[in-house]
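Start from the sequences, fold in the hints, and give me the full structure.
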Amino acid sequence: MTQTATTPVTKPATAPVPIRKPVGKWSGAAWLRRAPLLPALLFTILVTQIPFLLTVFYSLQSWNLVRPGSRHFVGLRNYVDVFADSQFRGAMLNTVLLTVVCVLVAMLLGLGLALLLDRKFLGRGVVRTLLITPFLILPAAGALLWKTTMFDPTYGLLNFVFGGDIDWLSEFPLASVMAQIVWQWTPFMMLLILAGLQAQSKEVLEAAAVDGAGRWRTFASITLPQLSRYLQLAVLLGAIYIVNSFDAIFLMTQGGPGTASTNLPYYIYQRAFEGFDIGQSSAMGVIVVVLTLIVATFALRLMFRTFGMSEVR
Amino acid sequence: MMRTGNPVGRWALTAFTWLVAILFVLPLLWMVLTAFKQEADAYTDPPRLVFTPTLDQFAGILERGFLPYLGNSAFVTVVSTLLVLLMAVPAAYSLSISAVPGTRDALGFFLSTKMLPIVAAIIPLYVISQNLKLLDNVWALVILYTAMNLPLAIWMMRSFFLEVPKEMVEAGRVDGAKLPTLLFKVILPVVAPGIAATALICVIFSWTEFFYAVNLTAAQAGTVPVFLVGFITSEGLYWAQLSAAALLASLPVMIIGWLAQNHLVRGLSMGAVK
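Chains as they are written, first to last, in my numbering: chain D, 1 to 313; chain R, 1 to 274.
Hint data in this document are derived by calculation from the structure and do not stem from the laboratory.
Sample of chain D residues lacking proximity to chain R, with all beta carbon distances greater than 10 Å (derived):
| hint | residue |
| --- | --- |
| 1 | Val66 |
| 2 | His72 |
| 3 | Phe83 |
| 4 | Ser86 |
| 5 | Glu203 |
| 6 | Gly258 |
Covered by chain R, according to a simulated footprint, are these stretches of chain D (three or more residues, beta-carbon under 8 Å):
| hint | stretch |
| --- | --- |
| 7 | 118-129 |
| 8 | 185-192 |
| 9 | 237-244 |
| 10 | 285-291 |
| 11 | 296-305 |
For glycine and all other residues, C-beta sits at the position ideal for the given N, C-alpha and C.
Dropping the structure here:
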């Protein structure tokens with residue numbers, strides 16, 4: 001079922017497991033039951049799959065918008081060029097680094113905050129509301145806000161608090177972008193993990209307390225294992241969004257200085273909309289999709305296993 | 001989880017929690033403060049806490065033509081959310097209560113579209129929009145945001161549909177209730193709050209979307225995030241005005257998010273977690 005993303009057009013009608021009544025795959029009754037599903041299915045196929053097929057088609061052509069008449073079929077040459085492009089490899093490395101670091105740090109911070117929130121105290125609702133707000137502010141606003149009020153070398157709060165006159169965005173561009181993304185995504189992690197904490201069975205926790213288990217022991221042997229599916233989900237969904245990070249890089253560093261903070265979405269954007277190289281940026285898009293599919297195949301399986309899709313009724 | 005026996009420890013932990021929360025939202029608090037400053041008070045070294053509040057920056061935003069962007073955002077958000085609900089609710093019904101053959105495949109397909117990186121589609125989308133004369137047109141965004149939120153809404157709505165007690169549906173069927181009766185008397189009352197929550201999540205994601213908006217719109221169809229981009233191209237930054245714009249642009253989503261915070265988890269996790 002994971003190959004649906006590559007060959008979706010043939011997928012919708014396949015029905016390996018008739019679930020309730022064994023109706024024939026192609027009978028009128030079966031289609032009638034499917035009718036409510038069809039608009040959503042057709043719309044999604046149309047809007048999400050056709051552009052991707054076109055990307056594949058464009059990737060086989062030499063096509064630069066600023067050179068009219070340049071469009072012709074070149075086979076796989078764009079791919080060869082892309083793999084030879086050290087900037088592409090740099091952007092790929094940055095993407096992996098950014099995703100892994102941001103997901104992990106945001107998750108750890110989110111876990112910490114969720115643990116702090118998972119008890120009754122004065123103003124708990126207010127604190128939770130405050131903590132989710134960075135997720136609700138426009139990412140574009142968040143990025144500009146950090147660029148100015150936090151990272152500015154002269155008037156920024158960071159240098160005011162820690163002293164010094166560091167130009168954060170040019171000296172530590174990738175780390176600065178990461179800080180903003182982590183800030184934006186920590187509330188998301190916190191919310192998911194908090195939901196996991198609150199789904200814990202109280203009896204088990206009490207039993208552990210009665211048995212004299214200390215706080216750390218309880219956390220390590222009861223809470224953490226129970227949280228694991230929530231943590232997996234947080235990593236999975238966080239990664240899906242953070243891999244696509246564009247706002248922060250576009251608005252804070254423009255991928256620079258040089259290419260120090262360029263990730264794949266930003267690099268492809270640059271090649272397409274500043275370099276007007278449709279062929280090569282399409283080839284990069286295809287490569288990104290293939291890499292994502294490898295990860296997604298694994299991730300989808302995990303999602304279905306974790307969330308009990310076997311019990312589809 | 002956090003069990004602290006003595007009251008002193010409890011109070012200390014509460015104070016610590018508050019401190020952490022305030023530190024965490026400090027950039028936001030600072031933004032709110034800056035939005036009410038004059039530009040001269042906005043960047044000073046050391047930062048200025050005492051100043052005469054002013055609404056000048058908000059007036060300045062309106063003068064810069066903020067309202068059309070706000071209108072575009074509202075239009076795109078509302079129309080795409082309605083379209084999503086129109087398609088997602090029946091689809092989720094098909095994939096839960098009246099589970100059709102191939103439910104798992106369909107769910108997997110919808111989910112897989114969320115995993116495709118959007119950059120991979122932007123070039124054809126640009127070319128298609130250009131050919132259909134939809135560049136810098138709000139309808140291009142309406143279509144794309146609908147597709148972007150549809151899988152999320154289907155998964156989320158499905159988890160609400162699964163909560164309708166099976167017995168109630170079966171009892172209705174046995175009593176010979178026709179589908180419309182079943183839908184409006186039994187199912188809809190249970191899932192109505194779910195529909196509202198799903199709508200709010202779609203609103204949040206449409207309102208904050210940046211990548212499509214920046215690449216496919218300009219002056220005519222630009223949404224609120226696109227308005228903010230104007231601040232990096234102007235010579236030097238107007239911090240106070242930027243803060244006012246950021247606050248104004250985020251406020252609708254902030255309010256919706258605060259109201260919907262109990263449903264936020266479900267939406268963000270596509271309904272996989274309650």
